[in-house]
Amino acid sequence: MKVKVISRSTDEFTRERSQDLQRVFRNFDPNLRPQEKAIEYVRALNAAKLEKIFARPFIGAMDGHIDAVSCMAKNPNYLKGIFSGSMDGDIRLWDMASRRTVCQFPGHQGAVRGLAASTDGRTLVSCGTDCTVRLWNVPVATIVESDDSSNCTAEPLAVYSGNNAFWDVDHQWDGELFATAGAQVDIWNHNRSQPINSFEWGTDTVISVRFNPGEPNLLATSASDRSITLYDLRVSSPARKLIMRTKTNSIAWNPMEPMNFTAANEDCNCYSYDARKLDEAKCVHKDHVSAVMDIDFSPTGREFVTGSYDRTVRIFQYNGGHSREIYHTKRMQRVFCVKFSCDASYIISGSDDTNLRLWKAKASEQLGVLLPRERKRHEYHEAVKNRYKHLPEVKRIVRHRHLPKPIYKAASLRRTMTEAERRKEERRKAHSAPGSVATEPLRKRRIIQEVE
Amino acid sequence: MGVKQDNADPGQILPPIEQELSNELDPKLKKYLRGEGTNLEVLKDKKLKSQLSVREELYGISAKAAAKAEEWLMPSEGGYLEVEGIEKPWRINQHSISSEINISSLKNQHDIIIPDLGPYTLDFNSSGRYMAVAGRKGHLAVLDMKNMSLIKEMQVRETVRDIVFLHNELFFAAAQKKYPYIYNRDGIELHCLKEHGSVLRLQFLKSHFLLASINKFGQLHYQDVTMGEMIGNIRTGLGRSDVMQVNPFNGVVALGHSGGTVSMWKPTSAAPLVKMLCHPGPVSAMAFHPNGHLMATSGKERKIKIWDLRKFEVLQTIPGHARALDFSQKGLLAAGNGSFVQIFGDLSESQHYSRYMGHSMVKGYQIGKVLFRPYEDVLVLGHSMGWSSILIPGSGEPNFDTWVANPYETSKQRREKEVRSLLDKLPSETIMLNPSKIGTMRPVKKKEKQTKQEIAAEMEAAVEAVKDTAFKNKTKGRNKASKRAKKRKELIERVKRPLLERQLKEDEKLAKKPKISEKENALPTALQRFASKKATA
Numbered sequence: 001m002k003v004k005v006i007s008r009s010t011d012e013f014t015r016e017r018s019q020d021l022q023r024v025f026r027n028f029d030p031n032l033r034p035q036e037k038a039i040e041y042v043r044a045l046n047a048a049k050l051e052k053i054f055a056r057p058f059i060g061a062m063d064g065h066i067d068a069v070s071c072m073a074k075n076p077n078y079l080k081g082i083f084s085g086s087m088d089g090d091i092r093l094w095d096m097a098s099r100r101t102v103c104q105f106p107g108h109q110g111a112v113r114g115l116a117a118s119t120d121g122r123t124l125v126s127c128g129t130d131c132t133v134r135l136w137n138v139p140v141a142t143i144v145e146s147d148d149s150s151n152c153t154a155e156p157l158a159v160y161s162g163n164n165a166f167w168d169v170d171h172q173w174d175g176e177l178f179a180t181a182g183a184q185v186d187i188w189n190h191n192r193s194q195p196i197n198s199f200e201w202g203t204d205t206v207i208s209v210r211f212n213p214g215e216p217n218l219l220a221t222s223a224s225d226r227s228i229t230l231y232d233l234r235v236s237s238p239a240r241k242l243i244m245r246t247k248t249n250s251i252a253w254n255p256m257e258p259m260n261f262t263a264a265n266e267d268c269n270c271y272s273y274d275a276r277k278l279d280e281a282k283c284v285h286k287d288h289v290s291a292v293m294d295i296d297f298s299p300t301g302r303e304f305v306t307g308s309y310d311r312t313v314r315i316f317q318y319n320g321g322h323s324r325e326i327y328h329t330k331r332m333q334r335v336f337c338v339k340f341s342c343d344a345s346y347i348i349s350g351s352d353d354t355n356l357r358l359w360k361a362k363a364s365e366q367l368g369v370l371l372p373r374e375r376k377r378h379e380y381h382e383a384v385k386n387r388y389k390h391l392p393e394v395k396r397i398v399r400h401r402h403l404p405k406p407i408y409k410a411a412s413l414r415r416t417m418t419e420a421e422r423r424k425e426e427r428r429k430a431h432s433a434p435g436s437v438a439t440e441p442l443r444k445r446r447i448i449q450e451v452e
Numbered sequence: 001m002g003v004k005q006d007n008a009d010p011g012q013i014l015p016p017i018e019q020e021l022s023n024e025l026d027p028k029l030k031k032y033l034r035g036e037g038t039n040l041e042v043l044k045d046k047k048l049k050s051q052l053s054v055r056e057e058l059y060g061i062s063a064k065a066a067a068k069a070e071e072w073l074m075p076s077e078g079g080y081l082e083v084e085g086i087e088k089p090w091r092i093n094q095h096s097i098s099s100e101i102n103i104s105s106l107k108n109q110h111d112i113i114i115p116d117l118g119p120y121t122l123d124f125n126s127s128g129r130y131m132a133v134a135g136r137k138g139h140l141a142v143l144d145m146k147n148m149s150l151i152k153e154m155q156v157r158e159t160v161r162d163i164v165f166l167h168n169e170l171f172f173a174a175a176q177k178k179y180p181y182i183y184n185r186d187g188i189e190l191h192c193l194k195e196h197g198s199v200l201r202l203q204f205l206k207s208h209f210l211l212a213s214i215n216k217f218g219q220l221h222y223q224d225v226t227m228g229e230m231i232g233n234i235r236t237g238l239g240r241s242d243v244m245q246v247n248p249f250n251g252v253v254a255l256g257h258s259g260g261t262v263s264m265w266k267p268t269s270a271a272p273l274v275k276m277l278c279h280p281g282p283v284s285a286m287a288f289h290p291n292g293h294l295m296a297t298s299g300k301e302r303k304i305k306i307w308d309l310r311k312f313e314v315l316q317t318i319p320g321h322a323r324a325l326d327f328s329q330k331g332l333l334a335a336g337n338g339s340f341v342q343i344f345g346d347l348s349e350s351q352h353y354s355r356y357m358g359h360s361m362v363k364g365y366q367i368g369k370v371l372f373r374p375y376e377d378v379l380v381l382g383h384s385m386g387w388s389s390i391l392i393p394g395s396g397e398p399n400f401d402t403w404v405a406n407p408y409e410t411s412k413q414r415r416e417k418e419v420r421s422l423l424d425k426l427p428s429e430t431i432m433l434n435p436s437k438i439g440t441m442r443p444v445k446k447k448e449k450q451t452k453q454e455i456a457a458e459m460e461a462a463v464e465a466v467k468d469t470a471f472k473n474k475t476k477g478r479n480k481a482s483k484r485a486k487k488r489k490e491l492i493e494r495v496k497r498p499l500l501e502r503q504l505k506e507d508e509k510l511a512k513k514p515k516i517s518e519k520e521n522a523l524p525t526a527l528q529r530f531a532s533k534k535a536t537a
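Protein sequences appear in the order of chains A and B. With UniProt numbering, the residue at position 415 of the first sequence is 415, and numbering never jumps. With UniProt numbering, the residue at position 479 of the second sequence is 479, and numbering never jumps.
Hints are computed from structural coordinates only; laboratory data are not their basis. Computed from a predicted model, the values in this text were never measured in an experiment. Please note that the accuracy of each hint is not assured.
Below, a list of computed lysine to aspartate or glutamate pairs in the EDC-like style, where the Cα atoms sit at most 20 Å apart [unchecked claim]:
1. 376(A) to 77(B)
2. 286(A) to 88(A)
3. 30(B) to 29(A)
4. 37(A) to 506(B)
5. 47(B) to 16(A)
6. 49(A) to 424(B)
7. 47(B) to 257(A)
8. 330(B) to 29(A)
9. 146(B) to 274(A)
10. 46(B) to 274(A)
11. 444(A) to 215(A)
With the sequences and hints as input, model every part of the structure.
Structural data, given as structure tokens:
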């Protein structure tokens, strides 16, 4: 007869010295865990409530400009700094950690319309309505930090003037050239005082220009004739043009999927396109109630932030039709420019009330260095909340956002109007011969035509 | 050029050891997958389909990792009893086992004889380390079974009918003569629960923090021990019952009645969830398998029945008396009767219980309670002269999970666990027969038209609710009988009116809508208004 009984020796299961960690033994058998789904549900509910308790996205405002902030630029080599230009010609370099101006670049006579940092981060290019393009030397970080009290001002490296006002500037991601948008698209080199190349398609002003992060010779522009044009520098001719029903205010390329770009439009929506197939939008992002002024992608390529004329900043997922988060403050007026910080944790918005505001990208995130246990717990909360976020109680808490009254009213009005349109369309379809009334999806409806 | 392989499928070529492993892991995988995967073919939404297929793949990976961890990383192995030749396992007694096992396990085989203090009943905490014993004549004690030490004992000088630990070993509740009391580990009386009355049996629902009690009049009380709120106070209407058990799988309380019925209750409803007729005579004992699908009941007619709770039918009938029943963590069933306890096990994994072991004590000792100790191969019997602990190899779960129940818990870990389990406390509304329904979507109910009977029943119910209202007695000659009758009539008509109006509206709608014959039905919706209709009455 062979007999064995469970016998545990205490040494194996307890720690040897008090400096050691306690021993942990796991058995993942589901039979040891009755009611595991109910417990997970309760944890999801608690996680949703905790997230709302800790949701404090606003970090601080950077005060200094005396006119509306019209454009911003980020420097990929120096994550703490951000450049901003205002409507009275004042350009400043801010230190985000202390929220103070590090350096001022005075010089522009009119509004500064575009800012861009060069690939190595040492030169700043700015353009404005005074028909000039100025290049500045960016002071190096170490000298700046030792010199807290005094504000340094820099002299421009070079001033190039053109014939018409400039509307936007963007620097190549991996090269020497930068492009300006104005009456036409000009390609410049740092050392030449005249553009080395010029593109034009149509007679309207080009209002924004963006270089592709993956393909340094490709750029996208939007013009005031409601079109989006793609140019290729190697072929030195415009490649494709897409005409929509309303003007596009700004374009942003997805840094992780460089063939996709998203356009921020005047009709309160953002349209994501695949640059190879422009006849249909990939996704329509709807949630704003007024014109979307600026858009920027997160370096992860999974989210983008938009700032709109309706005084709010919204964060969307790259493939989501509706925003995941909305930020608003009573003091923040029309938002003209937004940027996602290069470490994907912060959002900077520049608005009409002369302030730049710093926000957290994830409203309930705990900033700073987290212990591995804390990090694991946050991840667990996220995962369990995502598992049950479709159930009514959890959904109600997760979805809830306070909206300012004008935005709430405007959004419900828009909803009523689109619902009415949709219902009428449905009835028209039901009372016509089957197949005679074809509904176009929204992704195609807003496009008038594509031109080669 | 290439060597011809015997295996046909080139994608499945594995080294022989790994193939063996994958065969072994498959049944374990099933356990960790917790059911079958969803059918994604019916989805038309491509985005959702791709997201869900990623999730399903993740489940497969995690189930495989858990199965591998179970294979390689478990520190302890289970107990077993293997007989050779013509030996039968049920003939083996504790004495012969004790000569074969190691010395440290011998301390789990003992008898504590306390002759004067009445039949003993006992309870373990969730990790099996602490035991609370109560003698009928008022002896309460809490013992640490690891070190075999007595933590606290006291004499309450009253009849004690039952004892149960609350969420910790720090608190226990004793059902005394008039009311149940809650005590601290130091013996301090914390609460006297007057609302419960003279309680016969107590049970504690661990994840809901509910103390359930059945009293002499057949009233079931559920009290939340965190805030002291009485959640449920149910008059069962089925008389006095001595048998009460909690199903650990779903948290329902089952009562066994003297008519042979077993009823299952949840705190939020006044009617039982299930009422099943189990035995022709009174139910004498009941036990639930930890997986929640099996229930064992025994009746006075000398039969032990094993029920499948999903289909509510008998799986097996074992002849024999049982005054006490208990299932172990590994599924062994102990049936105590008189001074003899019989242990049954499903040795061939076929859910057919056969005799495994037995133990008989000194004649005259009446076994009142049998309880398997969690995470140990030990069975403790509470009898009329004290309690005995015997070894049953293969009954306990050898590997515990520190976050679920830890027999080697320090006080700091115990405090943390208390806080965490309070945060995870389930609301009492989640008690249901099938707890896996939580998180699923309710099927869409189509609004059905009420049958005539239902309409009549609704009207009757409304009238009944209003019929007996007392009117104020008016003075000065205004209280005439005819006026009172008229007022009562008007009240009843007022209550009936909305129901009649609704009925009228529906009848009107039916009459208005002219019935269209099948020929006209075939026309498209836009043209149906031009079809000739025959108005039907």
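For each hint, the structure was consulted:
Among the hinted pairs, residue 376(A) with residue 77(B) is inconsistent with the structure: their alpha-carbon atoms are about 31 Å apart, more than 20 Å. For the proposed pair residue 286(A) and residue 88(A), the alpha carbon gap of about 33 Å is over 20 Å, so the pair is violated. Note on residue 30(B) and residue 29(A): the hinted pairing holds, with a Cα-Cα distance of about 11 Å set against a maximum of 20 Å. For the proposed pair residue 37(A) and residue 506(B), the alpha carbon gap of about 43 Å is over 20 Å, so the pair is violated.
This hinted pair does not check out: residue 47(B) and residue 16(A) have alpha carbons roughly 53 Å apart, beyond 20 Å. The hinted pair formed by residue 49(A) and residue 424(B) meets the criterion: a straight-line CA distance of about 14 Å does not exceed 20 Å. Between the alpha carbons of residue 47(B) and residue 257(A) the distance comes to roughly 18 Å, so the proposed pair stays at or under 20 Å and holds. The hinted pair formed by residue 330(B) and residue 29(A) meets the criterion: a straight-line CA distance of about 12 Å does not exceed 20 Å.
Distance check on the hinted pair: residue 146(B) and residue 274(A) sit about 68 Å apart at the alpha-carbon level, beyond 20 Å; violated. Under the criterion of a C-alpha separation no larger than 20 Å, the hint pairing residue 46(B) with residue 274(A) is consistent with the structure, at around 18 Å. Annotation: proposed proximity of residue 444(A) to residue 215(A) is violated, straight-line Cα distance about 26 Å (limit 20 Å).
Comparing the model with each numbered hint stated earlier shows that hints 1, 2, 4, 5, 9, 11 do not hold.
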